[in-house]
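Enquirer: Here is how the chains run, residue by residue.
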Amino acid sequence: MVSQHDNDMQVTVEDIHAYIDGELSDHAAALVRAYLHEHPDAAEVAADYEAINAAILSRSARADALPVPEEHIKAVRGRRRAPLLAASVALIAAGASAGWVAHGMFSPQTNVLDNLARETGANWVTYAPDARRPVELAAADAAQLADWLTNRTGRSVAVPMLDDQGFTFLGGRLVAGETRPAAMLMYQDTTGRRLVVLMSPEFTGDGPTGMHFRRQTESASVIWANGKEGFGVAGPFSEEELRRAAVAVRDGFAL
Amino acid sequence: MARDLSILITEIPHLRRYAYALTGERDFAEDLVQSCLERAVARFHQWQPDRRLRPWLFSILHNLHADTRRRSRPNVPLHDVPELHAHEESAEGRVDAHKVLEAIDRLPNDQRDVLILVGIHELSYAEAATVLGIPPGTLMSRLHRARGRLREALGRTKSPSFRQVL
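Those protein sequences? They're chains A and B, same order as listed.
The numbering of the first sequence is the numbering used here, which starts it at -2 and goes up by one.
The numbering of the second sequence is the numbering used here, which starts it at 405 and goes up by one.
Quick caveat, the hints were computed from the structure, so don't treat them as lab data.
A portion of the hints provided could be inaccurate.
[Said to hold, decoys possible] Only pairs whose alpha carbons sit at most 16 Å apart, straight line, appear in this in silico EDC-like list of lysine to aspartate or glutamate: (1) B:K562 with A:D38; (2) A:K71 with A:E47; (3) A:K225 with A:D248; (4) A:K71 with B:E556; (5) A:K71 with A:E215; (6) B:K503 with A:E47; (7) A:K71 with B:E434; (8) B:K562 with A:D248; (9) A:K225 with A:E199; (10) B:K503 with B:E556; (11) A:K225 with B:E556; (12) A:K71 with B:D454.
[Claimed, not checked] A few chain B residues that don't get close to chain A, going by computed Cβ distances all over 10 Å: (13) S410; (14) Y424; (15) L457; (16) Y529.
[Stated by the list, open to error] Cβ pair distances, simulated, as ranges: (17) B:S410 with A:A31: 43 to 49 Å; (18) B:A446 with A:A31: 47 to 53 Å; (19) B:R443 with A:N223: 56 to 62 Å; (20) A:D38 with B:T414: 41 to 47 Å; (21) A:H34 with B:R443: 22 to 28 Å; (22) A:N148 with B:T472: 31 to 37 Å; (23) B:N513 with A:E175: 23 to 29 Å; (24) B:N513 with A:R130: 45 to 51 Å; (25) B:I538 with A:A44: 26 to 32 Å; (26) B:T472 with A:R59: 36 to 42 Å; (27) A:E237 with B:P539: 21 to 27 Å; (28) A:E175 with B:Q452: 46 to 52 Å; (29) B:T472 with A:A135: 43 to 49 Å; (30) B:P539 with A:G19: 20 to 26 Å.
Backbone N, C-alpha and C fix where the C-beta goes; we use that ideal spot for every residue, glycine too.
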C-alpha cells in the first residue's frame, strides 16, 4: 500500500491499479499522483491502464446511446401493471377522451402528468437527436430566446443554469402543444447526452402536483405542475439525475 | 405484500452498461439484461435489502453470461489461447481502442471478467470480487495479469511485476 516515511515514498503496482480505478482515498490518490508526476515509467504504465479502461467504457457507453427496450420495463412491471399500461396507451390514442376519465381510472391530475410526460418525451425524441439544428436560438442568444418564449407562451420564461448538475445550456425553441405553444430548452452533459426541459402553459393542473418520475421507451422524465405551468425534464438519464435537474429548473423558473 | 420491484427499473441503465461491455454486441447484451431482469424478479425475495442491489443484479448477469459462454463453445485450454502479438504497436505509442478491445476479447475468461467488471467503474473492488465469487487477492492478481497482457499486446516491452515496489 501507499506509505510515506521520511519523504521516501513507496508505491506498489497494486496502488497504480487502485489509483486508476478510483479505489484510493483522496490522500492516497494524491500521493500516487505526485509519485507518477516524478516517475515517467510508472506514469506510462498508469496511462496504459487508463486507456484500457477507456476502451471498455466506450463499449458500455453504447448502452446509453441506444434506447432502452420496452421489454425490460415490462419484465419488471409484470402482468399486474399491464392493464394500466395498456390503458394509458389507449388514453393517448384517444386524446384523453371523456370516456376514459369517466371510467374513473384517472384523476385529472394524473391526466396532466401523463400529458406532460408525453409532450416532454416527444420533444426529446424530436429534437435531442438532431445533430445540426437541435435548437432555434443558441445559448449565445439566451436573452432573445427568453423574450421570444415569454412573448409566445404568456409565461415568464427564465433560462435555468444547470451547470452544477452537469449540464451546459445549448439553446431552445418554441414548440407546438395541443392548443397553445410551449417552451423547450435543451442542455447537454459532457458525454453528449441531451436533456430537454419543457414548460407548458397548457397542462398546468389544479395546483402543485409534486414531482413524478416516468420511464419512457427511449428516455425518462420527471414532470410536475404548479397550477399555472406544467414542467417536464427528459433524457436518457437516471431518476436521480433527472430529479436533480428538475429541482434546479423549478427553482430557476421560480426566481 | 410483495416488495416494490420498481427499484429494479433504476438499475436497468447500469445492467445495460455492464452487458454491452461484456458482449460488445447489442442483441446479445439486451438479451442478457432481459434474462437478468426476469430472474431478478423471480428471485427478488432472495435479495437482502441491507446489501446493495447492484452487485446482486450484476452477479445474476455475470452468471447468465458465463452459462451462455459454457453452452456456446467448449472451454479453450489456456495454452491454446493465441498469443498476442507484440509487434502490433500503433504509431507513436498511442493506444488504439480497437486494438485494445480485440486484445481484451482474446484474454482468458477469468481475466477478462475481472478486467471488464472493474473497468466499467460501477462497483468497488470488493463488490466486484463478490460478484465473481473470488477472493479480493485473486481479483487483484487477475486484474494485474490482464492489464500486463494487454500492455504486451500494445507493444510495451516490460511491465512491472505484481506487488513490485516502483
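Enquirer: Look at each hint and say if it fits the structure.
Expert: Verification of the supplied hints:
For the proposed pair K562 (chain B) and D38 (chain A), the alpha carbon gap of about 10 Å is at most 16 Å, so the pair holds. At most 16 Å may separate the alpha-carbon atoms for a hinted pair to count; K71 (chain A) and E47 (chain A) exceed this at roughly 37 Å. Between K225 (chain A) and D248 (chain A) the CA atoms are separated by roughly 15 Å; this keeps the pair inside 16 Å, and the hint holds. Between K71 (chain A) and E556 (chain B) the CA atoms are separated by roughly 45 Å; this puts the pair beyond 16 Å, and the hint is violated.
Using a Cα cut-off of 16 Å, the hinted pair K71 (chain A) and E215 (chain A) holds, with the two alpha carbons roughly 14 Å apart. As the CA atoms of K503 (chain B) and E47 (chain A) are separated by approximately 15 Å, the hinted pair is consistent with the 16 Å bound. Simply put, K71 (chain A) and E434 (chain B) have alpha-carbon atoms about 13 Å apart, close enough for the 16 Å limit, and the pair holds. Restraint check for K562 (chain B) and D248 (chain A): not satisfied, since their Cα atoms lie roughly 56 Å apart, outside the 16 Å limit.
This hinted pair checks out: K225 (chain A) and E199 (chain A) have alpha carbons roughly 9 Å apart, not beyond 16 Å. Simply put, K503 (chain B) and E556 (chain B) have alpha-carbon atoms about 12 Å apart, close enough for the 16 Å limit, and the pair holds. Our distance criterion of 16 Å between C-alpha atoms is broken by K225 (chain A) and E556 (chain B), whose separation comes to about 64 Å. Restraint check: the Cα-Cα separation between K71 (chain A) and D454 (chain B) comes to about 26 Å, which exceeds 16 Å; the hinted pair is violated.
Not every Cβ of chain A is farther than 10 Å from the Cβ of S410 (chain B); the closest lies at roughly 7 Å, contradicting the non-interface assignment. With a least CB separation of 4 Å from chain A, Y424 (chain B) falls inside the 10 Å interface cut-off, contrary to its annotation. Look at L457 (chain B): its CB is around 12 Å from the nearest CB on chain A, clear of 10 Å, so calling it non-interface holds up. Listed as outside the interface, Y529 (chain B) is inconsistent with that label: its C-beta sits roughly 6 Å from the nearest C-beta of chain A, within the 10 Å cut-off.
Checking the proposed 43 to 49 Å range against S410 (chain B) and A31 (chain A) shows it holds: the Cβ atoms sit about 46 Å from each other. Between A446 (chain B) and A31 (chain A), the C-beta spacing of about 50 Å keeps the proposed range 47 to 53 Å intact. Between R443 (chain B) and N223 (chain A) the Cβ separation comes to about 42 Å, which falls outside the hinted range of 56 to 62 Å. A C-beta distance of roughly 43 Å is found between D38 (chain A) and T414 (chain B), which places it inside the suggested range of 41 to 47 Å.
The hinted window of 22 to 28 Å between H34 (chain A) and R443 (chain B) is violated, with their beta carbons roughly 47 Å apart. About 58 Å separates the C-beta atoms of N148 (chain A) and T472 (chain B), a value inconsistent with the hinted range of 31 to 37 Å. At roughly 55 Å, the beta carbons of N513 (chain B) and E175 (chain A) sit outside the given window of 23 to 29 Å. Separation of N513 (chain B) from R130 (chain A) is about 46 Å and conforms to the stated range, judged on CB atoms against 45 to 51 Å.
Range check, I538 (chain B) to A44 (chain A): Cβ separation about 27 Å, and the 26 to 32 Å hint holds. The hinted window of 36 to 42 Å between T472 (chain B) and R59 (chain A) is violated, with their beta carbons roughly 19 Å apart. Separated by about 32 Å at the C-beta atoms, E237 (chain A) and P539 (chain B) break the suggested range of 21 to 27 Å. Our hint of 46 to 52 Å for E175 (chain A) and Q452 (chain B) holds, since their Cβ atoms are close to 47 Å apart.
At about 47 Å, the CB distance of T472 (chain B) to A135 (chain A) agrees with the hint of 43 to 49 Å. A hinted range of 20 to 26 Å holds for the C-beta pair P539 (chain B) and G19 (chain A), which are about 21 Å apart.
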